[in-house]
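Place chain R on chain X using the hints.
So the protein lines, in turn, are chains X and R. If you're matching positions, the first sequence starts at 1 in our numbering and goes up one per residue. If you're matching positions, the second sequence starts at 148 in our numbering and goes up one per residue.
Because the hints were derived from the structure by calculation, they are not lab data. These numbers come from a predicted model, not from an experiment. A couple of the hints might just be wrong.
Just a few of them, taken from the derived set where beta-carbon distance is under 8 Å, the chain R residues facing chain X [said to hold, decoys possible]:
1) F154
2) A155
3) I180
4) Q207
5) A223
The C-beta atom is built at its ideal place from N, Cα and C for all residues, glycine as well.
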Amino acid sequence: MKRIAIQPQDFDVAAELAALETLGGGGVASFTGVVRGGGGLVALELEHYPAMTQAQVERIAEDAMARWPLLGVSVIHRFGRLEPGARIVFVGTASRHRAAALESCAFLIDWLKSHAPFWKKEHFEDGATSWVEPRAEDDAKARGWGA
Amino acid sequence: MLTIVYFAWVREAVGLDEERVERPAPGSTVADIVATLAARGGGHAEAFADPARLRAALDQRFVGMDAPVGDARELALFPPVTGG
Numbered sequence: 001m002k003r004i005a006i007q008p009q010d011f012d013v014a015a016e017l018a019a020l021e022t023l024g025g026g027g028v029a030s031f032t033g034v035v036r037g038g039g040g041l042v043a044l045e046l047e048h049y050p051a052m053t054q055a056q057v058e059r060i061a062e063d064a065m066a067r068w069p070l071l072g073v074s075v076i077h078r079f080g081r082l083e084p085g086a087r088i089v090f091v092g093t094a095s096r097h098r099a100a101a102l103e104s105c106a107f108l109i110d111w112l113k114s115h116a117p118f119w120k121k122e123h124f125e126d127g128a129t130s131w132v133e134p135r136a137e138d139d140a141k142a143r144g145w146g147a
Numbered sequence: 148m149l150t151i152v153y154f155a156w157v158r159e160a161v162g163l164d165e166e167r168v169e170r171p172a173p174g175s176t177v178a179d180i181v182a183t184l185a186a187r188g189g190g191h192a193e194a195f196a197d198p199a200r201l202r203a204a205l206d207q208r209f210v211g212m213d214a215p216v217g218d219a220r221e222l223a224l225f226p227p228v229t230g231g
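If we strip away everything but chain X, and leave its shape as in the complex, we get (with noise of 0.2 Å):
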């Protein structure tokens, strides 16, 4: 099973966890990812490039069911304007073993914070506007993945 989904609306993680463990495999990994608050943020606005994103994720997704045994992929990105609280992503999957659906779960966040197409601008209560900037560590843990 591989689900992809860019969509701006909220998703259901228990509904998606309940799909990847009717795989049979024994084994389900997931990670959410949530906007973080503090310091003044009210809003993070989520762009992204619409005639790429689902494919790239697609290959992405790809790549991961290449180097683990997995039953399944799901991987969910919301774009669109989301507040402290809100989540934005969703990476599940479903194997036979633990250690390849975490060890996989693990690689599909990090390459998807490289590999993605998708800018964060982060808005604050005093108006002021921000592009989030790429960080230095997650540049090196998506290359610790190899290419």
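Relative to the frame of chain X, chain R by itself:
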């Protein structure tokens, strides 16, 4: 014609989501197009002053700045991605 699409602060600096330009000379690279755009001045100069801050895709595939444009239909120019 070649369609160029912009994202994030590159889009804001240029002031356009996309534009169409004459096809570049054979053998031109992404970097050559960026240099041509920067030479226009104004928002383009601001957006493209420092190519090291830019990333690119040709027909929706990431490429390096030294990639030949070839017969690609769409060039995208944008900052490093920050999804996830």
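Hints numbered earlier in the text: which of these fail when held up against the supplied structure? Hint 3 is the one this structure does not satisfy, whereas the remaining hints hold.
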